[in-house]
Every structure is written in structure tokens, then in C-alpha cells.
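J.: Protein sequence lines, in the order shown, are assigned to chains A and B.
Read in order, the letters of the first sequence are residues 1 to 98 in our numbering.
Read in order, the letters of the second sequence are residues 1 to 647 in our numbering.
Because the hints were derived from the structure by calculation, they are not lab data.
Every residue, glycine too, gets a C-beta built ideally from N, C-alpha and C.
Using C-beta positions, here's what the derived DEER-type ranges look like:
{"hint": "1", "chain 1": "A", "residue 1": "K12", "chain 2": "B", "residue 2": "Y466", "range": "35 to 43 Å"}
{"hint": "2", "chain 1": "B", "residue 1": "G298", "chain 2": "A", "residue 2": "P11", "range": "53 to 61 Å"}
{"hint": "3", "chain 1": "A", "residue 1": "H86", "chain 2": "B", "residue 2": "E340", "range": "19 to 27 Å"}
{"hint": "4", "chain 1": "B", "residue 1": "A142", "chain 2": "A", "residue 2": "I27", "range": "41 to 49 Å"}
{"hint": "5", "chain 1": "A", "residue 1": "S24", "chain 2": "B", "residue 2": "I388", "range": "27 to 35 Å"}
{"hint": "6", "chain 1": "B", "residue 1": "V487", "chain 2": "A", "residue 2": "H86", "range": "17 to 25 Å"}
{"hint": "7", "chain 1": "A", "residue 1": "Q61", "chain 2": "B", "residue 2": "A12", "range": "54 to 62 Å"}
{"hint": "8", "chain 1": "B", "residue 1": "F438", "chain 2": "A", "residue 2": "P11", "range": "33 to 41 Å"}
{"hint": "9", "chain 1": "B", "residue 1": "V487", "chain 2": "A", "residue 2": "N10", "range": "22 to 30 Å"}
Listed next, the in silico DSS-like pairs over lysine-lysine satisfying Cα-Cα at most 27 Å (straight line):
{"hint": "10", "chain 1": "B", "residue 1": "K508", "chain 2": "B", "residue 2": "K140"}
{"hint": "11", "chain 1": "A", "residue 1": "K91", "chain 2": "B", "residue 2": "K508"}
{"hint": "12", "chain 1": "B", "residue 1": "K346", "chain 2": "B", "residue 2": "K491"}
{"hint": "13", "chain 1": "B", "residue 1": "K490", "chain 2": "A", "residue 2": "K91"}
{"hint": "14", "chain 1": "B", "residue 1": "K423", "chain 2": "B", "residue 2": "K140"}
{"hint": "15", "chain 1": "A", "residue 1": "K6", "chain 2": "B", "residue 2": "K423"}
{"hint": "16", "chain 1": "B", "residue 1": "K335", "chain 2": "A", "residue 2": "K82"}
{"hint": "17", "chain 1": "B", "residue 1": "K416", "chain 2": "A", "residue 2": "K12"}
{"hint": "18", "chain 1": "B", "residue 1": "K416", "chain 2": "A", "residue 2": "K15"}
{"hint": "19", "chain 1": "B", "residue 1": "K335", "chain 2": "B", "residue 2": "K346"}
{"hint": "20", "chain 1": "B", "residue 1": "K346", "chain 2": "A", "residue 2": "K16"}
{"hint": "21", "chain 1": "A", "residue 1": "K91", "chain 2": "B", "residue 2": "K337"}
{"hint": "22", "chain 1": "B", "residue 1": "K346", "chain 2": "B", "residue 2": "K490"}
{"hint": "23", "chain 1": "A", "residue 1": "K15", "chain 2": "B", "residue 2": "K490"}
{"hint": "24", "chain 1": "B", "residue 1": "K337", "chain 2": "B", "residue 2": "K491"}
{"hint": "25", "chain 1": "B", "residue 1": "K421", "chain 2": "B", "residue 2": "K346"}
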Amino acid sequence: MWFLEKWLENPKIVKKLNYVLYASFVIVCILGVAVHFAEPEAAVEHEEAAEHEEDAFAFEQIPIFSAIFGFVICALLGLGAKAYGHNVVMKREDYYDR
Amino acid sequence: MIGEINVVSPAAIFIFGSLLIPLFKGKMRQAYLLLIPIAAMINVYFMQHGTYWLYPFMEYDLIFGMVDPLSKCFGYVFTIAALAMTFYALHVKEAGQHVAAFLYVGSALGVVFAGDLFTIFIFWEVMAWASVFLIWYRRKQASIDAGFRYLMVHVVGGVLLLGGIILYMQESGGSIAFDAFNFASPGTILILLGFIINAAVPPLHAWLPDAYPEATITGAVFMTAFTTKTAVYVLARGFPGFTIDGIAVLMWLGAIMALYGVIYAILENNIRRLLAYHIVSQVGYMVCGVGIAASATGAISLTAIDGTVAHAFCHILYKGLLFMSAGAIIYMTGKSKLTELGGLYKVMPLTMIFYMIAAFSISGAPFFNGFISKSIIIHAAEMNGNAIIFLMLEGAAVGTFLSVGLKLPYFAFFGKDAGIKAKDPPLNMLVGMGIAAFLCILLGVYPSLLYNILPYPEAIADYAPYAAGHFVGTLQLLLFTYAGFLVLKKKLHPENSISLDTDWFYRKGSILFMWFVDNPLTRGTQWTIDATLVVKDFAVWFSRNPVEALGIIADTVCLKILHISQGTSAGEQTAKAVLNERLEQYPGEPVRRDPIGVSVLLSTLFLFAYLVIYVLPNLSVLAVVGLGVVAVFAGVGMRIRELMQTA
Numbered sequence: 001m002w003f004l005e006k007w008l009e010n011p012k013i014v015k016k017l018n019y020v021l022y023a024s025f026v027i028v029c030i031l032g033v034a035v036h037f038a039e040p041e042a043a044v045e046h047e048e049a050a051e052h053e054e055d056a057f058a059f060e061q062i063p064i065f066s067a068i069f070g071f072v073i074c075a076l077l078g079l080g081a082k083a084y085g086h087n088v089v090m091k092r093e094d095y096y097d098r
Numbered sequence: 001m002i003g004e005i006n007v008v009s010p011a012a013i014f015i016f017g018s019l020l021i022p023l024f025k026g027k028m029r030q031a032y033l034l035l036i037p038i039a040a041m042i043n044v045y046f047m048q049h050g051t052y053w054l055y056p057f058m059e060y061d062l063i064f065g066m067v068d069p070l071s072k073c074f075g076y077v078f079t080i081a082a083l084a085m086t087f088y089a090l091h092v093k094e095a096g097q098h099v100a101a102f103l104y105v106g107s108a109l110g111v112v113f114a115g116d117l118f119t120i121f122i123f124w125e126v127m128a129w130a131s132v133f134l135i136w137y138r139r140k141q142a143s144i145d146a147g148f149r150y151l152m153v154h155v156v157g158g159v160l161l162l163g164g165i166i167l168y169m170q171e172s173g174g175s176i177a178f179d180a181f182n183f184a185s186p187g188t189i190l191i192l193l194g195f196i197i198n199a200a201v202p203p204l205h206a207w208l209p210d211a212y213p214e215a216t217i218t219g220a221v222f223m224t225a226f227t228t229k230t231a232v233y234v235l236a237r238g239f240p241g242f243t244i245d246g247i248a249v250l251m252w253l254g255a256i257m258a259l260y261g262v263i264y265a266i267l268e269n270n271i272r273r274l275l276a277y278h279i280v281s282q283v284g285y286m287v288c289g290v291g292i293a294a295s296a297t298g299a300i301s302l303t304a305i306d307g308t309v310a311h312a313f314c315h316i317l318y319k320g321l322l323f324m325s326a327g328a329i330i331y332m333t334g335k336s337k338l339t340e341l342g343g344l345y346k347v348m349p350l351t352m353i354f355y356m357i358a359a360f361s362i363s364g365a366p367f368f369n370g371f372i373s374k375s376i377i378i379h380a381a382e383m384n385g386n387a388i389i390f391l392m393l394e395g396a397a398v399g400t401f402l403s404v405g406l407k408l409p410y411f412a413f414f415g416k417d418a419g420i421k422a423k424d425p426p427l428n429m430l431v432g433m434g435i436a437a438f439l440c441i442l443l444g445v446y447p448s449l450l451y452n453i454l455p456y457p458e459a460i461a462d463y464a465p466y467a468a469g470h471f472v473g474t475l476q477l478l479l480f481t482y483a484g485f486l487v488l489k490k491k492l493h494p495e496n497s498i499s500l501d502t503d504w505f506y507r508k509g510s511i512l513f514m515w516f517v518d519n520p521l522t523r524g525t526q527w528t529i530d531a532t533l534v535v536k537d538f539a540v541w542f543s544r545n546p547v548e549a550l551g552i553i554a555d556t557v558c559l560k561i562l563h564i565s566q567g568t569s570a571g572e573q574t575a576k577a578v579l580n581e582r583l584e585q586y587p588g589e590p591v592r593r594d595p596i597g598v599s600v601l602l603s604t605l606f607l608f609a610y611l612v613i614y615v616l617p618n619l620s621v622l623a624v625v626g627l628g629v630v631a632v633f634a635g636v637g638m639r640i641r642e643l644m645q646t647a
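From just these sequences and the hints, can you work out the full model?
T.: Structure (C-alpha cells):
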């Protein structure tokens with residue numbers, strides 16, 4: 001994997017890769033909005049399929065619901081799990097041997 | 001043409017095939033090992049739907065071949081996974097490990113094609129006993145201990161299952177048919193408990209993350225596929241309509257399970273234990289799928305079962321691949337903790353690629369197989385209107401990508417370079433990983449390959465995983481999980497620690513139990529033994545010369561009384577010396593009384609017996625005791641007098 005090594009060891013390219021990443025964050029949000037507003041048109045064309053496609057829950061009407069949900073849950077899970085671990089269940093590795 | 005081919009049970013191929021493994025050596029053995037899963041795969045392909053291979057047992061028929069789309073689907077994936085895993089394990093020299101693995105696979109296939117509860121129970125037990133050797137073969141103390149804990153949990157599960165089967169037979173009037181149990185009764189609940197122990201449903205799940213990381217490198221790969229997935233199979237067949245008081249318990253248990261595994265995985269440092277918690281989490285989706293089927297009706301119910309089976313199929317492939325990659329890391333570097341790994345992408349690039357394919361699959365990234373299977377279950381929850389279940393499952397998907405897709409690869413393959421010298425694993429391991437990786441992508445790109453062999457293909461005929469909304473939504477979910485990871489990277493650093501789980505109760509509980517056995521219980525038993533021994537010793541001593549012994553005892557008592565009443569005196573000293581001499585010489589010559597003395601003694605005794613028989617019933621207890629005391633006092637007094645006189 002010579003190219004990967006070359007890329008990840010080079011700060012300039014890492015910086016560019018980061019820009020690609022940030023751009024992709026924006027692009028998926030735009031795509032989400034686009035899909036949200038494009039769907040009604042598709043619904044006219046294939047009525048049966050559209051009925052199937054229709055989102056079941058109100059919160060799914062938010063175009064970038066998945067993005068917000070992913071970020072919030074990631075933060076909640078990460079911080080919540082660590083807090084739970086540090087306060088309740090995490091012990092030294094030799095806990096059961098002592 | 002299909003009808004002309006005679007098939008044999010794939011379980012029999014593995015089980016009888018495994019017994020011949022030790023007969024082969026070297027390349028021949030490797031060829032033979034690969035032949036068995038291939039033969040079994042061909043057999044599964046040609047097995048026709050129906051019920052066959054009936055063997056009479058007592059007054060029942062054991063059914064070894066109940067074949068329908070559901071069992072066949074599991075049969076396919078079990079044999080395919082066994083082939084990939086056998087490739088991965090081909091370098092292992094020890095025949096015993098292969099025998100244990102094949103017995104394990106064979107019994108799992110036995111459960112899948114079993115048509116009655118007895119057959120299921122038999123294979124269920126073989127599965128537990130065969131798989132424990134895959135743990136023990138690692139030969140570390142930690143593995144041996146974990147193996148015993150694993151076995152004990154599964155024995156409990158087996159007993160619950162057997163108890164449930166017997167109760168169910170009573171309830172159903174002697175039926176042992178393995179059908180859907182759609183009613184709650186003591187029998188079906190016990191059977192369910194036996195099944196969900198193997199499915200690792202919290203709080204009965206702790207055996208899985210406890211044991212799998214301690215298994216051998218190749219053994220753990222086998223174990224990921226079969227125990228939990230046979231449990232999913234029996235749940236999907238036996239409990240797709242099971243509710244207690246109208247609540248689909250499996251739906252809630254499954255959703256909790258999916259999140260539970262994710263939370264513990266975030267805390268975990270050992271790479272295989274982290275992945276083991278994700279088995280709990282992923283099987284949670286499947287258990288939840290069975291539960292959704294129970295809470296819904298019609299097409300939604302069928303969709304949920306399809307989703308469960310599809311996810312089990314895909315899960316076996318990507319989870320096997322994850323454990324293969326993690327095993328390759330441990331095999332080549334000797335390290336299993338995230339805190340000790342880092343920068344491996346430079347030295348193990350192929351392992352990294354295979355790992356990432358599996359990680360994207362389990363995270364449900366588009367074009368990988370998790371995307372097309374997990375989404376069916378979530379889709380079923382959506383159709384059924386279970387908003388909370390939907391959010392819990394989506395949340396677990398976020399956590400899965402966070403741990404398996406980001407944290408583990410970041411700290412093992414990228415991140416800070418730990419400077420480990422290693423290289424990619426041997427070719428056979430790479431081939432095994434390659435087969436699994438190829439299938440992960442193939443099914444992701446051509447979902448219809450899988451959808452067509454599901455139990456109810458017509459139920460999901462309209463389902464399109466690559467619909468624009470779902471596709472973009474998934475990308476958003478994953479990318480913004482990545483964003484969250486970037487923000488939290490410092491907080492999520494792996495730590496050198498272990499996390500207590502429900503096994504704490506039996507691991508610490510057993511210490512308490514052993515203390516109870518070692519202290520109060522042992523002392524209690526020891527006391528009775530000691531007391532019995534004292535009585536025995538006395539009886540032996542006494543029987544050597546009863547007359548002399550009685551005299552010694554009486555004199556000892558008299559001397560004590562004399563001492564108490566008179567204090568130390570010369571007479572006492574002499575008497576003591578005489579007594580000690582008697583004790584030393586004991587038993588000495590048995591004293592022989594002259595014949596007249598004996599007859600006088602005997603007649604006195606008989607007269608006394610008459611007295612007791614005729615007089616005593618008329619006396620009160622108090623009087624008898626009084627008489628006895630007077631007699632003893634008189635005797636002791638006379639003896640003391642004698643002793644004083646001799647002095």
C-alpha cells in the first residue's frame with residue numbers, strides 16, 4: 001500500500017484529504033435536501049412505489065435528519081458510555097485475579 | 001436432474017467427516033479438510049424441500065431433514081462460512097482443533113435441519129461441548145477458565161431447554177414437533193430461555209464476550225458464526241409470533257441488546273472482545289427482527305423474518321471476516337490490545353483492506369452486505385410504526401460504525417505508529433479472508449442473489465435498498481458519525497482496563513460460594529468426622545479390656561472427686577501413681593474372674609434387670625434418675641474410701 005503510506009505521511013495531502021471530507025459532509029446534506037424535494041415528483045410518476053417509499057415517521061420529514069441523528073447519537077454514545085464506564089464498570093485488568 | 005441426486009445430511013458429512021481427519025497428514029489433510037465443506041455445500045444445494053431422514057427413537061421419530069427455504073438459507077451460509085473458515089484454519093497442525101471445529105459446524109447444521117425438539121436438543125449439546133475445545137486448545141490458564149465458565153452457562157441453557165421440551169410435551173399431549181410456539185406457557189418460556197442464552201440476550205449474554213476473545217485464533221472465527229446464529233434460526237422458526245400479554249418481548253430485548261453491545265464495545269480495549277460485543281449488538285437486530293414479526297401481521301411480519309434471515313446470512317460473513325482480521329493481527333503481532341497497537345496499515349495492508357471491507361459491511365455502508373440486510377429489519381420496524389425501535393436500531397448502527405468502523409481501525413491500523421514489526425498473515429488465511437470479503441461486496445452490490453433465497457421473497461419483492469432516500473440517509477448517518485468521532489477522538493482513547501458485565505455475578509458469586517463451601521460447610525462436616533473418630537478411638541481402646549477400662553475410668557473420676565474434696569494428699573499421690581501404672585500397662589492381661597465370681601455377677605445383673613422390669617414402670621422418671629444418682633454416689637464413695645485406706 002505504498003500510495004496510502006505516501007499520502008498519510010504527507011501533511012499536505014492529509015490536509016487536502018480533510019478538505020475532501022468536509023466537502024463530503026456538505027454534499028450529503030445537499031443531496032439529502034435534494035432527495036427530499038425530488039421525491040414528490042417521483043411520487044406522481046409511480047404512485048404505488050411512492051406510497052411504499054413514504055417515510056413513516058414525522059421526524060423523517062427533516063431533510064438532514066440522519067446527519068443530525070448520527071452526530072448527536074455518536075456524541076451521546078461516546079460520552080455516555082465513557083461516563084458509565086468510568087463511574088460504574090471499568091476496573092483494573094487484574095480485577096478478577098486478585 | 002435434481003431428483004436423481006441422492007443427498008446425505010450435511011450434518012453427517014461434517015460429523016462423520018471430522019472423525020477421519022486424524023488419519024490424514026500434511027497436504028492430504030488440507031485437501032480433505034476443504035473437501036468436507038464443499039461436499040456439504042453441494043448437498044445443501046441439492047436438498048429438496050420436505051421432511052425426511054426419520055429415525056425411530058423410543059416412541060418418537062427423530063427428524064434429521066426438515067428442509068424449507070428458512071433452513072436451507074442457513075444451510076447455505078453455514079457451509080459457505082465453513083469453507084472460508086477452513087481455508088483460514090488450514091495452517092493449523094493439530095488434528096484435534098479441526099475435529100472440534102467440524103463437530104461444531106456439523107452439530108450447528110444438525111440443529112438447522114432438525115425437525116423435532118429431541119434432535120435439536122442433542123445437536124444443541126454437541127455444539128456446546130465441541131465448541132468449548134476451540135477455547136481450551138489455546139492452552140492458556142485464562143482460556144481454560146473461560147472455557148469452563150462458557151461450558152457451565154451452556155449446560156444451564158441445555159438443561160433449561162430440556163426442561164422446556166419435557167414441559168411442552170406435557171402441554172401439547174406428547175408432541176415433539178418443532179413448530180412455531182406462539183403462546184406463552186411454562187414449557188415454551190423455558191425453551192425460549194434455553195434459546196436466548198445461546199443468542200446471548202442480556203443479561204444472559206456475558207459468556208460470549210467472556211469466552212470468544214480467549215479462544216484460539218481460528219477457533220474464535222468458527223465460534224462467531226454458529227452458536228448465536230443457530231439460536232437466531234430456532235428463534236425465527238419457533239418464536240415468530242411469540243408474545244407475552246400482547247407484548248413482543250423479543251422486539252424490546254433485541255433493541256436493548258443492539259445498544260447494550262455497542263455501549264460496552266466503546267469501552268473495550270481488547271480487539272476481539274470489542275468485536276464480540278458487536279456480535280451481541282448485531283444479533284440484537286436479528287432478535288428484534290423476530291420480535292417485530294411477532295408484533296406485526298401479514299407482509300410486515302414476513303418482511304421482518306426475511307430481514308432477520310438476511311442479516312444472519314450477511315452477519316456470518318462479515319463477522320467471520322472481522323474475527324479473521326483481528327485474529328491475523330494477534331497471530332502476526334502477538335498483541336491484542338488497542339493500547340499496544342497502531343500504524344499497522346504499513347506492515348499488514350491486506351489485513352487492513354479486508355478488515356475495512358468487513359467494518360463497512362457491519363456498519364451498513366452502501367455497496368456492502370450489511371446495507372442490504374440490516375435495512376430490511378429497520379424497514380420492517382418503520383412499516384410497523386415502532387418509532388422507538390426504529391431509533392434504537394439506527395442508534396446502534398451509529399455506535400457500530402463508531403467502534404468497528406472508526407475506533408478500532410484508527411487505533412490499530414492508523415493513529416500513532418507503535419512500531420510493530422509484522423507482515424500479512426500466511427496465504428491460506430488471506431484466501432479465507434478473501435472469500436468472505438468477496439461475498440460481503442458481492443451481496444452488497446447484487447442483493448437479489450440473497451433476496452431470492454430468503455424464506456419469503458415475495459414479501460420484500462418491492463423493497464429497494466438503493467432507493468435515493470435510504471442511500472443518502474445512510475451516507476449522512478455514517479459521515480456525521482465520522483464527524484462526531486473526529487470531535488471526540490481524544491475522549492474515546494482506549495484504556496487499559498476491563499469492563500464488568502453480568503458475568504460479575506457468577507464470577508464473584510462463585511468466590512462467595514467457594515468461601516461458604518471452604519469454611520462453614522467444611523468445618524461443619526469436619527466436626528462430625530472428628531467426633532465420630534473420637535468415639536471410635538474410645539470404643540477401640542475400651543474393647544481391649546473392658547473390665548480394666550471401666551476400673552480405670554471409675555478410678556479417674558474418684559481421684560478427681562478426692563482431689564476436689566481433700567486437696568493434695570499423700571494418699572492421692574500414691575493412688576495416682578498406681579493408676580498411671582495401670583494406664584501404661586493397659587490393656588495388660590485380661591482379668592479373668594473366677595467362675596463363682598462370674599456367676600454371682602451374672603445373677604446380680606439378672607436380679608437387677610428384674611428389678612428394673614417390675615419396679616421401674618411404676619416409678620416416675622425423677623425417681624429413676626434419683627435412684628441412679630444414689631447408686632453412682634454410693635459406688636464412688638465406696639471406691640474413694642478404698643483408695644484412702646490403701647494410702
